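Sequence lines, in order, name chains A and B. One point on numbering: in our numbering, the residue at position 79 of the first sequence is 131, and numbering is uninterrupted. One point on numbering: in our numbering, the residue at position 552 of the second sequence is 1940, and numbering is uninterrupted.
Among the clues, some could well be false.
Unchecked claim - Covered by chain B, according to a simulated footprint, are these stretches of chain A (three or more residues, beta-carbon under 8 Å): (1) 266 to 274; (2) 313 to 322; (3) 342 to 354.
Simulated from the structure, these hints should not be mistaken for lab results. Keep in mind that this is a model prediction, so the values were computed, not measured. Glycine included, each C-beta is placed from N, C-alpha and C at the ideal position.
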Amino acid sequence: MQALDKALAQVGRVVLGKPEQLKLALACMLAGGHLLIEDLPGMGKTTLAHALARVFRLDYRRVQFTSDMLPADILGVSVFDPDSGAFNLREGPVFSQLLLADEINRATPKTQGALLEAMEERQVTLDGLTRPLPEPFFVVATQNPVTQAGTFVLPESQLDRFLMRISLGYPAPEVEMELLAGGDPRDTVRGLKPVIEPSGLIKLVAHVGKVRATRDLLDYVQRLLEATRADDRLVAGLSPRAGLGLLRAARAWALIHDRDYVLPEDVQAVWPSVAEHRLQPREGGSVAAMTQSLLQTVPVVRG
Amino acid sequence: MARIYQVPSHARLWLTLAIIAASLPQFQDGPWWQALLLLVVLGWRALLDHQRLAQPGRLVRLGLLLATVGATFYSYGRLHGPEAGSALITSLFALKYLELVGKRDAYVLIVLGYFVCATILLFHRGPLAALYVLGCLTLLTASLAGINYSDTHARRRQHLTVAAAMLLQALPLALVLFVLVPRVAPLWNMQLDSGQARTGMSDSMSPGQVSRLTESSELAFRVQFDGSPPPPEQRYWRGLTYSYFDGGTWRQARPPGWGDTDTLYNGRGPQPPWYRDLRAAARGPAWEYRVIMEPSQQRWLYALAVPFTNLDGQGLARDLRLVADNPVSGSYSYRVRSVPAAAEGVTLNGPERRLMLDLPARGNQRARDLAASWRQRYPDDDDLVRVALRYFREQPFHYTLEPPRLAGDTVDGFLFNTRRGFCEHYASGFTFLMRAAGIPARVVAGYQGGERNGDYLQIRQYDAHAWSEVWLNGRWQRVDPTAAVAPERIELGLRGLVEQRADSGGDAVTGALGRLPVLFRLRQWMDYVDFNWQKWVLGYRQEDQRALIERLLGAFTPTRVALALVGAVLLVCAALAVVILARRRDDPARPLEREFGRLRRGLARRGLDVSACHSAAALEAAVGRRWPGSAARAGHWRRYFEYLAYRRDGDPPRAELHQLGRRRRALLSGLNAGADRA
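Next up, chain B with everything else stripped away, as it sits in the complex:
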């Protein structure tokens, strides 16, 4: 029988912790039975190690394997794909622990662990996740170090320091590889379907159906302006427009018979006329900025009106918004140049005008009557819009996040009965009134405002907003009825508004959070780290790499990149070697010698030079002469040093060295205190 090399028991702790740590993230989104499986395995393992249970036999192992595979299939409906695959490998990782007998199994387990760590990064990409994975890697490497130590050197903490040192040494190499190894475009596109779904925009809006708006402080996107950003009341981030109303729900729509090219231009094919007109009108002041989106799984992008991009991966729609070619599934960023004056270049042709005036044949009669009465009195569109806004301002409308539910004619119910609602209600009611009065109008959904953090703005889900646009004087003009009712919603942002209300005893959604400045600043700081992580690490793409290499090496050729790669790796290794060798030479091999040197240096800093040729007792005497008050503490140290150095053979255990270090510090700080008194 082949000899089995036992895994030393002292290596087990790190291995067990590594398995738990590497499996934990999987439990966040995975099915419940995975956690149970790990608990069972850990329990079994503990009993097995104390010889209360036998190693599972072949049949049991086969059964567990089949059950795991079956459960995975049951939970995910398949065994392939990122989610099911990583769930399966994590479970098998746990099961493998049950099989552990010799060192060979431990190696397999640890290598598998490294792979499981890599799968964590499929679903979590923030800086915290990276740190967490680094921690898992440290644990795994510590167990790897542990099984290679013989039993006589069973110091667990030493394994961890060895692992940490190795990883630290590997970091510069990893950095070089990250920067220089050619970044090929992914060979396959992974569709990650779980864990990324966000609350946010939807392609329809049904005011009245929602009785309570769930406010999420999750990040929607960030914007970095080239100059200073526009003032808050001008930050209307347009995402999508709703042009069709069926009496209850507003939806996106385009005139019947229109195709994609009539409404969207993404840089492919010849420029359609409307796009040319827009470009021609794009003159005058502009905002230039970069938007960094969080994954939304949707194609809508957000920008100020009228946004122009380089059309690389996104297109401009005829209703003046940006649309991505693919749903935003990862972190995604794009540069925008917004030219407000370009709105002049928009035309409204017949089919479009009909769509923007379209209302259901029946329903909401009181609203229609109101609009008709206004029309009679005010033939001018401008006057009519002003009157409608005044109506919202003067009638007892009330802005609330918890409006009563509406049934039947939702517009009438809101405008004449409840008069309580949030942006969607106002935008919907206002747009309905405009259309009923014969003015083309649409609802725009997006975000409004944004919090400033350092040199960029963060726009969160609670900044989501809806407003109206009406066709006035030959161009689309933004009208925000919510601003008429609750101007502070626009000026302060929702968070500010809610805080204000919370102070006066209203509903508190984020008020408590906002009133803890430390927490707020911490969150801002975390976001800042996250922003830079997104920008520099996740956002480091092929083009960035190319630009960087061209700047560094002059040209982007395979030979140069290869040479730079080899050169940089050699350089890092050489630097590491120099550091390690220098430290080895400087560092006396023995901890006690180090300790003696520390005390001598400490005394020298306080003005007492003690020759290295003095024994501990001579050192004590010298301290006693100089600082009689510290003689006792010096004796303390001397006795313990002599005890460790001369009364026992072998290097003293760590705890005793710590004890000696404490006495040294007590002695040295005592000298300080004495000097202060003097």
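This is chain A alone, in the form it adopts within the complex:
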């Protein structure tokens, strides 16, 4: 799809040398899911989120999570208005179209929980009043690797709310040279031109649901899910919700590649970013290697 290619090209201008990750991030948005970026500080997470917001002309807010943060700092508070004698809601940063939750693992579980509930329900209930969040609504959360000190590990149930987890990683040497030679990325982000309007994005998200997935493909997806459950290196297998998410992500991936049907490659492409953060190894070892090995053992075509 031309518009999507253009959007990718725009974002690629600021996040250099990471086309796969950009596509995954885009697929995650198109699939209507929330994105978790796990990286060390300074790898361009914020730049990516900001760039995505620019090309879709989304209302963008950024919240730096800290350990002293309260749920109200995200959701908003009711403030008494002495003039009218009533409580008015002061909307928190969650009332935006693209929320960048920076270093989400620095906040207490309570605060994390408030955000994650809002992400799932796409609405916020304050003082008994339920208010819908804007549409579209995306959360891009960033997280420092759990080995870093002073962080609260996101519980699995919360991680499941993120459709994908990606990490950008260090740039390749020649890309880094280019990065160093270029100007301030923040200026470049400001110079990005919107490619798709929010209404267009909503339409695209709706369109993802219509991408065809045949029985042969569903069969493959199901066998992949089944394989995670049968694997005794893992604590638990993928949930049905994860399965639905995987299929949705694969559909979005297919749409980015200008197809109205899903191929097994689409599933394989989104598989690590959808599965890895949801799975826990029983006794150490790399989850990435395990999920990758599942791809090597589950036949694409039965028989």
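Fit chain B to the known structure of chain A by using the hints.
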């Protein structure tokens, strides 16, 4: 009103074909109106299906039924009996198609069809007929499968494969039942009077009346020798003797006042003296063989002189030939031990001698004069026979299959005027001369020669022959005047002779056939199949079954047979179940998965192992890396596979699967070609 379950239209094709196929053999021998009836029914049916005509009303149906029954009676003179009965049922089978409305009618029609198929086997028993009936059964079963499929699964070819698979599974069961179910002797003897009449021997011979011998290559009988067969010039298969000549026709005869027991012994009652003498003289070398007769509707059996059998169903006649108790109406076989030396045991008593010398009071005077002149000069019988043979050899006699017709004194006409004829003319003339000279003589009819095919001889109608026997030195001696005129007739056989003549521009009867070696070999092969069919299938009789079961089970008792039958049936069913279940497990349910597996296995055979976990695109890439020249074809396959597997729901139609299979084969064979070049 009861609900009528419609016959799905896709089931109609097989049903129609089954009706045509099951009816066709009937038309071969049946009256012409049967074919017409079927055509009318099929036409009506077609119009009815396109709603151009209504279903026939009750009156019309009654009329058709009466007309059919009437026509059958008119053609056959009766409604019962195998011919009339099967003709009637075949016609009613066709008529029933006109009545077809719902599934119930279709079931009736199909069951009737199975019965019609069984009637085919009443008249045709060869291996080809069996194959044909198997084909009819497949069609009928396919239509049965078809009417049980709902419309959504309307794949006609699938019905046929289902039917073929069912029949294949039934075959081992049929074999078990064929071998083990007790074979009771037929409760009634069916006399099949049509379609079996053969040209061949007759009980009289009138040389001169026949102006052209019709040569038929139809099989007369086959012989399987225990050792090697005798050389061609000794293969004189005696069938019957003609002892009485009325001036124009030679006939079978026995001395006046003699009864059956004087001339024939079939094992019943005490052995007559002449039979005892023959047995006593039966010493020395012998030929042992089995003769398998084709149906001839006659009682004459054929054997080399002097034939002894176990007298089970046939007897030995005093003129040294075998006679069956009943006309040979089906395939019939008998074992013979021929002892030439036994001819010494034959005596010629007074009444017989008179019969063998008997000639009409008048006629054929020139022949009588010739014989008398020889007699005067050569008192010794041996010399006289030699002189007569020399006469045939030296005078301008000519062997031909198309002799001129003779009138009046046929012997004189042949011996002195036309001098052109075939074996009957020579045998008749020679025997006449012998009798006129006072030497007892008779004409023997039978077959001479035979073609070797594998380990047996085939004797065909064109091997029919007639020769003479004269009483010399106290025994009957064979003299073949034809051999004196045309020795090659005896050495090469008629076919060889005719071929030779055809080469030199003579009459061509079977020459063209003989000059196509492929055709000849094919015919020989067909005959070989037919021979084994006769021997193992049609010839499997009660005694064979008994012997087989005794060999397998030790004894032939009802309990053992029943146990063996049940055991064998269970065994076959279990084996079938294992095969079917194993195939089901191995076989992925979906055709596309099979196709993917085939390509992977094909690549593996060519040295490229592609993991099952690779997608079609990864597979294409792997092929492209290994064989860059085939990348395009791999892409071809991959695109089509993805199209079928991931762009559309549901199993792809067969044609598209074939298309995918073609692309796979193109890809794989392309790899081969590339390897060859490299």
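Looking at the structure, which of the earlier hints fail to hold?
Going through the list in order, the structure violates no hint and respects every one.
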